[in-house]
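Chemist: The lines below spell out each chain.
Protein chains: 2
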Amino acid sequence: MSTISIIGSGGMATAIAGRVARSGQTVEVISRDNAKAQALADQLASGAITGKYGAAPAGDIVVLAVPYASAAAVAADFGKALDGKVIIDITNPVAPDLSGLLTPPGSSGAQETAKGIPAGAHVVKAFNTIFGHVLAKGGRLDAFIAADDAKAKVRVSTFLESLGLRPFDVGGLQMAQTLEALGLMMIGLAKNGAGTWDFALNVDLG
Amino acid sequence: MSTISIIGSGGMATAIAGRVARSGQTVEVISRDNAKAQALADQLASGAITGKYGAAPAGDIVVLAVPYASAAAVAADFGKALDGKVIIDITNPVAPDLSGLLTPPGSSGAQETAKGIPAGAHVVKAFNTIFGHVLAKGGRLDAFIAADDAKAKVRVSTFLESLGLRPFDVGGLQMAQTLEALGLMMIGLAKNGAGTWDFALNVDLG
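One line per chain: the protein sequences are L and U, in this order. If you're matching positions, the first sequence starts at 6 in this note's numbering and goes up one per residue. If you're matching positions, the second sequence starts at 6 in this note's numbering and goes up one per residue.
Treat the hints with caution; some may be incorrect.
Just so you know, same-sequence chains aren't split out, so a pair can sit in one copy or run between any two.
[Unchecked claim] No more than 30 angstroms apart at the CA atoms, straight line, and that leaves these computed lysine-lysine pairs for DSS-like:
| id | residue 1 | residue 2 |
| --- | --- | --- |
| 1 | 156 | 196 |
| 2 | 41 | 57 |
| 3 | 85 | 57 |
| 4 | 120 | 196 |
| 5 | 85 | 142 |
| 6 | 156 | 120 |
| 7 | 85 | 196 |
| 8 | 156 | 41 |
| 9 | 120 | 142 |
| 10 | 196 | 57 |
| 11 | 120 | 85 |
Read the hints as simulated data drawn from the structure, not as lab findings.
Take the sequences, apply the hints, and build the full model.
Modeler: Here it is in structure tokens:
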């Protein structure tokens with residue numbers, strides 16, 4: 006049985022951990038605050054474990070479920086401990102006033118994360134276009150991914166399918182820029198035209 | 006009965022004109038090449054008319070259905086003739102190799118268009134997240150819009166509903182950046198994970 010490591014203990018970490026636990030896979034929760042990691046593991050109540058912050062995660066797939074503002078620092082704290090891992094970047098690098106993105110022009114949160122991990126690790130963008138509470142509710146949602154490494158992308162696709170999601174590859178890691186813009190667009194949609202945060206974006210193949 | 010003016014005679018102009026004609030509204034086709042405008046009007050065969058390139062369009066809503074590379078020049082050719090109009094910018098400012106967007110950092114095709122029109126005209130971003138051939142097929146597709154002027158946005162929403170589309174406001178005109186990124190994302194999706202160009206992105210309200 007696979008172990009999936011999740012760094013973080015906030016809303017998205019909890020939503021993803023919940024789906025992983027329900028899929029029958031082992032969740033390893035890792036947080037700078039070990040009490041928060043333990044609380045989330047206890048809440049999952051399915052053999053979830055906690056890992057040591059900064060040490061090598063147990064899973065080959067590591068979900069970096071922390072805010073954009075701290076992602077680089079967290080990656081630095083783990084350093085070479087992430088070597089060989091598939092890192093899932095879920096960040097939505099949105100300005101506090103939701104007016105735009107905080108990333109440097111021509112880059113994305115995922116590309117910035119990729120700069121700070123060992124050469125043997127690969128970043129895959131995923132989960133940022135699904136609201137945490139919608140993810141937690143369940144259902145077969147569409148999940149867009151972007152990555153440069155083909156093998157890492159296949160692994161994450163398989164992982165997403167194991168959670169009951171429908172993965173869609175949108176291209177190389179630079180396409181994370183479009184997915185992060187889509188994350189911002191969904192926030193704008195929630196605040197304006199949709200009138201609710203309870204929605205998902207789906208691909209209608211006709 | 007409303008008249009909708011469409012500047013352009015390419016694939017998207019044809020797809021939009023077809024839906025307008027089927028809705029029972031009058032289409033005015035305007036092209037730098039009047040023969041092309043006449044050919045599209047004849048093809049519509051529903052009382053469609055042609056307008057003089059550079060003169061004031063007949064419709065209060067003017068769809069600027071030309072490529073991003075020529076949008077600014079076309080707006081300049083019309084100049085004050087566009088005063089008071091609601092201009093729909095449909096551009097996807099995508100690089101020829103589809104690797105990224107051609108717009109200046111922090112801007113969008115729609116915002117660039119807005120710089121070149123009279124102060125009494127308003128730009129609304131729309132249609133760029135629906136492939137032309139999907140739009141032409143019909144069906145109740147979701148149509149995302151962004152604009153600063155509230156009245157112009159309401160008019161375009163009503164117009165989109167008259168075409169059988171479901172409009173969704175994503176915010177101010179700067180949010181056109183997210184819609185244009187979404188256009189690029191859809192191209193990446195078509196080339197990668199979707200394996201087809203026959204799809205639409207829909208909002209699932211659960």
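Chemist: Please list, smallest to largest, the hint numbers that this structure does not respect.
Modeler: Checked against the structure, the hints that fail are numbers 5, 7, 8, 9, 10, while the rest are satisfied.
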